[in-house]
Amino acid sequence: MSGARPRLAVWKFASCDGCQLSLLDCEDELLAVAGKLDIANFPEASSAVSEGPYDLSLVEGSITTPHDAERIQAVRRQSRVLVTIGACATAGGIQALRNFADVDDFLRAVYATPAYISTLATSTAIGDHVAVDYELRGCPINKAQLLDVIGAFLAGRRPRVSSASVCTECKRRGTVCVMVAHGAACLGPVTHAGCGALCPAYDRPCYGCFGPKELANAAALAAHAEGALGADRATMTRAFHTFNAWAEPFRSLSRHGEPPPEPGHD
Amino acid sequence: MLDPSAYELGVTDLDRLLALLADDGYNCLGPTVRDGAIVYAAIASTADLPRGWTDEQAPGHYRLRRRGDDALFGYNVGPQAWKQFLFPPRERVWQMSIDGQAFVPAPDVDAATRHAFIGVRACELAAIGVQDRVFGGRPFHDDAYLARRAGAFVVAVNCVEAGGTCFCADMGTGPAVEAGHDIALTEVLGGDAHRFLALAGSERGAALLERLGCGPAAADLASRAAAGIEHARTSMGRRLDTAGLPALLARSLDSPHWETVAERCLACANCTAVCPTCFCSSVEDTADLDGGLATRWRQWDSCFNPGFSYLHGGEVRRSTAARYRQWLTHKLGTWHDQFGSSGCVGCGRCISWCPVGIDITAEATGLRERDAHKAERPAAAART
Ligand code: SF4
Ligand code: SF4
Ligand code: SF4
Ligand code: SF4
Numbered sequence: 001m002s003g004a005r006p007r008l009a010v011w012k013f014a015s016c017d018g019c020q021l022s023l024l025d026c027e028d029e030l031l032a033v034a035g036k037l038d039i040a041n042f043p044e045a046s047s048a049v050s051e052g053p054y055d056l057s058l059v060e061g062s063i064t065t066p067h068d069a070e071r072i073q074a075v076r077r078q079s080r081v082l083v084t085i086g087a088c089a090t091a092g093g094i095q096a097l098r099n100f101a102d103v104d105d106f107l108r109a110v111y112a113t114p115a116y117i118s119t120l121a122t123s124t125a126i127g128d129h130v131a132v133d134y135e136l137r138g139c140p141i142n143k144a145q146l147l148d149v150i151g152a153f154l155a156g157r158r159p160r161v162s163s164a165s166v167c168t169e170c171k172r173r174g175t176v177c178v179m180v181a182h183g184a185a186c187l188g189p190v191t192h193a194g195c196g197a198l199c200p201a202y203d204r205p206c207y208g209c210f211g212p213k214e215l216a217n218a219a220a221l222a223a224h225a226e227g228a229l230g231a232d233r234a235t236m237t238r239a240f241h242t243f244n245a246w247a248e249p250f251r252s253l254s255r256h257g258e259p260p261p262e263p264g265h266d
Numbered sequence: 001m002l003d004p005s006a007y008e009l010g011v012t013d014l015d016r017l018l019a020l021l022a023d024d025g026y027n028c029l030g031p032t033v034r035d036g037a038i039v040y041a042a043i044a045s046t047a048d049l050p051r052g053w054t055d056e057q058a059p060g061h062y063r064l065r066r067r068g069d070d071a072l073f074g075y076n077v078g079p080q081a082w083k084q085f086l087f088p089p090r091e092r093v094w095q096m097s098i099d100g101q102a103f104v105p106a107p108d109v110d111a112a113t114r115h116a117f118i119g120v121r122a123c124e125l126a127a128i129g130v131q132d133r134v135f136g137g138r139p140f141h142d143d144a145y146l147a148r149r150a151g152a153f154v155v156a157v158n159c160v161e162a163g164g165t166c167f168c169a170d171m172g173t174g175p176a177v178e179a180g181h182d183i184a185l186t187e188v189l190g191g192d193a194h195r196f197l198a199l200a201g202s203e204r205g206a207a208l209l210e211r212l213g214c215g216p217a218a219a220d221l222a223s224r225a226a227a228g229i230e231h232a233r234t235s236m237g238r239r240l241d242t243a244g245l246p247a248l249l250a251r252s253l254d255s256p257h258w259e260t261v262a263e264r265c266l267a268c269a270n271c272t273a274v275c276p277t278c279f280c281s282s283v284e285d286t287a288d289l290d291g292g293l294a295t296r297w298r299q300w301d302s303c304f305n306p307g308f309s310y311l312h313g314g315e316v317r318r319s320t321a322a323r324y325r326q327w328l329t330h331k332l333g334t335w336h337d338q339f340g341s342s343g344c345v346g347c348g349r350c351i352s353w354c355p356v357g358i359d360i361t362a363e364a365t366g367l368r369e370r371d372a373h374k375a376e377r378p379a380a381a382a383r384t
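Residue numbers (the working numbering), protein chains in the order written: chain A, 1 to 266; chain B, 1 to 384.
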């Protein structure tokens, strides 16, 4: 990185743009980012796109088409450091719900001429296709964490992103536990930190936006919710069947109580 | 010699006591109702206390319930401990600029803020005592903790009822307030009277009670207070047999019991966050994007969190069984070697606030049963 500023690229795959918008949403800090990095390829922010290679690539979105499966290989080849941002890129996203069903059924139901659609049967994480240097979780990501990841890249240090449970953040901010005090089935104990335990602070159980934490004992949480808390099985299955449904162990719990899927549908 | 006088206070006297503390520059903190639980927050008068509320507690379960009376302290401990004020969840340790010219050693502690803790229970006093030894009793002192601690004024309350997850009687920490307080109150309701027995526990507590100028306690007040404490002692929601516990745990490291806990445990760290003696923290450094300003923070961490046992090359405790074993064996066993007491004061928070209701007393009992079974088995085998 001697002399010239490191070159940044931001890539979009199947996604809603929310995570890359977090970068634009940084406002004040964005100027500092622009001062430190050469924003070489960020179509969402500027139409001036310059050729690779890039020092840092931020990749949003999942792989859902044959074309994208090839494009991510090209992105990897041009990127010194590749960081995936958001639940789509790190776990397949909400669109990975297709993985639990037959994508042809969707095509027939949605499109007048399904033959024009070229798609894969699954939505998968970037890490299932290429080597990823760092994964930043969340649906959407936390912009402070994104800035920290960029700062860490610039300084050559480890990102300061906790891999603890949401409960750890919940207790640090002094929130009364909605599970213990109100009987709500909260995914906080099995979910990766990052949001600052936002939902419990507003009296809502955690929805699992940051995906399963390490050693996530989701089965035990579901068993407790269905037993002591009286939640029904369908509710618990749905709870895991969201933005990170394709990440284990949420994936298994997404099928909780259903017969195993037919071969060929994964 | 401490003034042994027993005073009798009414609710309005308690309000005057709070006002005197505020006049003396204390920030009064006490139990309040928020979001369906009793939590500690700033209080101005007894109107802010959870009048007429009690708490129903069981493993993984906590609900506020109405009492049939106007008791101000008719509940046990909630999810929060006083440690949040003495050892804050996150604090700035220091901050500096990268060129070294503007070194600003500015911890978050405002040493000028003195807190008065109102309604501290016996188990909580014992827990503060444990943390005093952790942060101040060894060669390396935590000066910020000690500054906050030295400034704190403690108005303790004797428990006259025990909660569903309490076991202080077995830990020798309660329910009677014995040491470490400035003033100890016992609430006594009966007939039309709402009275408090007040005793000083320190010189400054004695001085404050004298300024308050209340009369001596009537004879029946002291005896009814003592009966209330005895009632709490005999109605503990949980029991823990502590006999030989450190040795039992030391020989149970390979017990299959740890795996049975790990099947239920979420490794979520709630138990350590609510425990009033757990003191683990991690530090992290933040810097702005141009690296001009670097700040070091300290925040609560836990032996249940990934990365907490990270040494060069990896984590020491990778499984939930290993993490739960670390927590329980430290709390009830090796804590004795390290700090000269148990790390558990029997407050029951980890039981109530475990989202899946894992009960430290039940797990210790389970380990004891397996240990006894193991000791019996060779004999049984010899007979057959
Ligand atoms: S509210 Fe949810 S995230 Fe917070 S401590 Fe309880 S279970 Fe954990
Ligand atoms: S014992 Fe309970 S509170 Fe503690 S880590 Fe396990 S599940 Fe969480
Ligand atoms: S281990 Fe549990 S019961 Fe013992 S002091 Fe800690 S929170 Fe209270
Ligand atoms: S553990 Fe003992 S001192 Fe603590 S709240 Fe319960 S009865 Fe009171």
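Certain hints may be false.
Said to hold, decoys possible - To give an idea of the chain B side of the interface with chain A (calculated C-beta under 7 angstroms), a few residues:
#1 T32
#2 D35
#3 G36
#4 Y62
#5 T260
#6 R264
#7 L266
#8 N270
#9 C280
#10 V283
#11 E284
#12 L289
#13 G292
#14 P355
To be verified - A few chain B residues facing chain A, derived, Cβ under 10 angstroms:
#15 E203
#16 P256
#17 A269
#18 F304
#19 P306
The set of hints was computed from the structure by calculation and includes no laboratory data.
Bear in mind that the values here come from a model prediction, so they are computed numbers and not experimental data.
All C-beta atoms in this analysis are idealised placements derived from N, C-alpha and C, irrespective of residue type, glycine included.
Here's how the hints hold up against the structure:
The beta carbon of T32 (chain B) is not positioned within 7 angstroms of any beta carbon in chain A (closest approach about 12 angstroms), and the interface hint is therefore violated. Interface restraint check: D35 (chain B) against chain A, minimum CB-CB distance 4 angstroms, threshold 7 angstroms, status holds. For G36 (chain B), the suggested interface contact is upheld, since its CB lies about 4 angstroms from the closest CB of chain A, less than 7 angstroms. A least Cβ separation of about 5 angstroms between Y62 (chain B) and chain A falls short of the 7 angstroms threshold, and the interface hint therefore holds.
Violation of the interface hint for T260 (chain B) is found here, the shortest Cβ-Cβ separation to chain A being roughly 12 angstroms, above the 7 angstroms cut-off. Interface restraint check for R264 (chain B): the shortest CB-CB distance to chain A comes to about 5 angstroms, inside 7 angstroms, so the restraint holds. The interface hint given for L266 (chain B) is met, as the beta carbon of that residue sits about 4 angstroms from the closest beta carbon of chain A, less than 7 angstroms. The closest approach between the C-beta of N270 (chain B) and any C-beta of chain A is roughly 5 angstroms, which is under the 7 angstroms cut-off, so the hint is satisfied.
This hint is violated: C280 (chain B) has a C-beta 11 angstroms from the nearest C-beta of chain A, more than the 7 angstroms allowed. Because the closest C-beta pair between V283 (chain B) and chain A is about 11 angstroms apart, greater than 7 angstroms, the hint is violated. Taken as an interface hint, E284 (chain B) checks out: its beta carbon lies about 5 angstroms from the nearest beta carbon of chain A, inside 7 angstroms. Taking 7 angstroms as the C-beta cut-off, the interface hint given for L289 (chain B) holds, the closest approach to chain A being about 4 angstroms.
For G292 (chain B), the shortest C-beta to C-beta distance to chain A is roughly 10 angstroms, which exceeds 7 angstroms, and the interface hint is violated. Annotation: P355 (chain B) was flagged as interfacial toward chain A, and the flag holds, the nearest CB pair being 5 angstroms apart, inside 7 angstroms. Interface hint at E203 (chain B): violated, since its Cβ lies 33 angstroms from the closest Cβ of chain A, which is beyond the 10 angstroms cut-off. Look at P256 (chain B): its Cβ only gets to about 18 angstroms from chain A, farther than 10 angstroms, so that hint breaks.
Using the Cβ-Cβ criterion of 10 angstroms, the hint placing A269 (chain B) at the interface with chain A is satisfied: the shortest such distance is roughly 5 angstroms. Of the supplied interface hints, the one on F304 (chain B) holds, with its beta-carbon coming within about 8 angstroms of a beta-carbon of chain A, less than 10 angstroms. Because the beta carbon of P306 (chain B) sits about 4 angstroms from the nearest beta carbon in chain A, less than 10 angstroms, this interface hint is met.
Hints 1, 5, 9, 10, 13, 15 and 16 from the earlier list are contradicted by this structure; the remaining hints agree with it.
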